[in-house]
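**Q** The primary structure of each chain is shown beneath.
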Amino acid sequence: MLVIENCRLTWPDFSADYTMSVRTGSLCAVIGPSGGGKTTLLHMIAGFEKPESGTLTFNGQNLLPLEPAKRPVAIVFQDHNLFPHLTAMQNVALGIRPSLRMSGEDKALIEETLDAVDLRGLSDRRPGEMSGGQRQRVALARALVSGRPLILLDEPFSSLDPGLRRDMVQLVDELRRRRPVTILMTIHTPEDVADLADQMVFVADGRVVASDVPAAILGGSLARQIAAAVSDT
Amino acid sequence: MARKLLHPGSLVALVIVGLVASGFIALAAAGGGRPTLFSIGPYLWRVLAFSFIQAALSSILSLALGTALALALARRHFPGRDMVLAALSTTMVIPTIVAVFAVFAVYGRSGWMANTLSFLGWNGSFSIFGYPGILIAHVFLNAPFAARILLDSISLVPAEHWRLASALGFSPAQIFRHLDWPVLRAELPGLAGLIFLLCFKSFAIVLALGGGPSRSTLEVAIYEALKIDLDFSRAAWLSLIQLVICLTLTAVLNWALTRPPTAHTIRGLIQRPDAGNRRLKLFDCLVLAFGALFIAPLALSLLSGLGNFADIWDTDLLRAFITSIVIATLAATIACTLALALASAARRWRIVLRSPRIAAFYDFLPSTMLAIPPFALTAGLFIMIRRIVDPASAGLILLPLINGLAAIPFAYRSLAPRLLTTEERYGRVAASLGITGLNKISIMDWPVLKRPFGAAFALSMALSFGDFGIIALFGGPELVTLPYLLFQNLGAYRLDEASAIGLFIVLIAFLLAHVSGRLSHAGD
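These protein sequence lines map, in sequence, to chains R and H. Just so you know, we're using the working numbering here: the first sequence kicks off at 906 and counts up by one. Just so you know, we're using the working numbering here: the second sequence kicks off at 224 and counts up by one.
The set of hints was computed from the structure by calculation and includes no laboratory data. Heads up, some of the hints might be wrong.
[Claimed, not checked] Okay, the calculated beta carbon distance ranges per label pair:
| # | chain 1 | residue 1 | chain 2 | residue 2 | range |
| --- | --- | --- | --- | --- | --- |
| 1 | R | D1072 | H | I574 | 52 to 58 Å |
| 2 | H | A519 | R | T962 | 49 to 55 Å |
| 3 | H | V238 | R | D1066 | 35 to 41 Å |
[Stated by the list, open to error] Covered stretches of chain R, going by a simulated chain H footprint (3 or more residues, C-beta under 8 Å):
| # | region |
| --- | --- |
| 4 | 953-961 |
| 5 | 965-974 |
| 6 | 982-988 |
Positions of the beta carbon are idealized from the N, C-alpha and C atoms, including for glycine.
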């Protein structure tokens, strides 16, 4: 279980205070208006932002004292996930071997993971030779291959067209059903995940305003506020 | 049927090509075709060898120090860092003749270093002339410039990559390999080419610190052929060789610098994951200390002029100042007007007429100005007009013209991208509304262009104001600029007066560069 309790962060022009929990093995969609604190929430879990107070645990382990590389967390951003001078295989390999000295076993594991994200035969391509969707699949493969049980997806498919975006969300759902991972995904279009996510969290003004199953969030009292937030973005 | 008028940019391109060609032809014709290339062979090889070796050594040392400084500054944040960065940016406009003064003041026979060593009991002597002085001056001017360019490039690494490096647990070596090196590798060839070109064409530094005819670059050799030996034919041959070498380098540079735009992303204050590494901390401290020990005394030596300001205020200084300002203003007007016309033609060919190859010619033409030997062009043009104007008046005509042509590449770089953007954004709207000609310029272009134009104008003025090149040919009792006055004082070993004049030149050049920087970073 991911448990966040009263984690407070303050900047001169923005403050955030998060309290929420996510069940292990679930897919949790984080929605909300732009600038509302969705990315900050993910960056805090990943270790890029340090809260001044509060607690943050995953399966009982306190994450706050840990550096980003030591946390059981993998992250995929909206852009710039891949290093342009490396091939798809090398970019994925960074998840397990930052030195890029790969054994035969490592290569087999990477090939297998690239297969899992439908990138068979593209392991020698560089990011510049791939489409936007393929690049995000490579980033997803790196998150999976790292074996870290908590995966954060920070608006990973926002730049893709609606059809491809839906395909990618389904791929994420399939992958998490086959592997023991917990996924938190910020997303601008709640309808893409409404029938797949186990949990939906609405974040605005640096606070978790609501957390429930998607149907309850999208059909409840917040429906108008959510619609306004989505149309803003 | 109405005949279509030639585009102003095409006319400008024709005039530039015509001026350069006729200047060289006039110079070659004045020499009567003698001596031949073979007769100047041994001398030529010596000059070429020296030009190449000093430029290569200067480039290697400048890039080594510049790269180390850029990486150290990228990793370290300390009080006063912003001031250091601002200082690094300004070396580009330090006039070369002022750098010569700084080298004399610190490393000269009675400079700070000699005095310090003497105080410590060392009574040996060393000469600053030849390679030591030339390399010190070139590295002083170019290493900070390289550091600033490389640091700017490193700062464009997407924030997400730093976060990934942090999340994936990259070691300092892996950070260098995957984040720093790809950026440096993309930037270094172009930067190396540019620094090599500037050092290869070096004039004032080699003239003052070379220590004799055996230490001449091609540029100095052309100057000596024209001014001392009056051997126009030799000057023409040397110019042709320099032109071929520099044009080749410029073409390679143009190719190396033309790459896809770098990805930008929102950069907050991202802490580099390798900043905490102890060995790197020590290494960075050593690099920063060495950089400070090398650059700071030279920069601070300019401040020694503060105490001598009162001694230089006379009518000579005022006359030189007014002459310099007038020449700089005219040069900036020429540079910006011609650059604007060329940029407008490039835009028309690229977007309206859809011919990127011809547009590329207009993009390349300003860069070729870096390759043209100014002395040879000036001498050729002077030969053409000497029958109708006296030498002092010819200087007043040719100085702004040649300085203006030399500043075109910098003005073009500032204006052309903005002009292209306005056409891409508003060109179709303007065409659909029938907005053309001057109306198009005033309604569509000028609001976006006025700040970059101001920035280009101020930078062109700064470059011309401190230039000690062509004035070496025309300078004399009737025509004195501030850099020429400084050269005269240095030649007479009046270092106190020279320090004050040097500081004065630097202050004006910095002021102009500051205005240029403010305008180029301001919003539209």
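**Q** Take the hints in turn and mark each one as holding or not.
**A** Verification of the supplied hints:
no.	hint	verdict
1	R:D1072 x H:I574: 52 to 58 Å	37 Å, violated
2	H:A519 x R:T962: 49 to 55 Å	51 Å, holds
3	H:V238 x R:D1066: 35 to 41 Å	51 Å, violated
4	953-961	violated (count 1)
5	965-974	holds (count 3)
6	982-988	holds (count 5)
The structure is inconsistent with the numbered hints 1, 3 and 4, although it conforms to all the rest.
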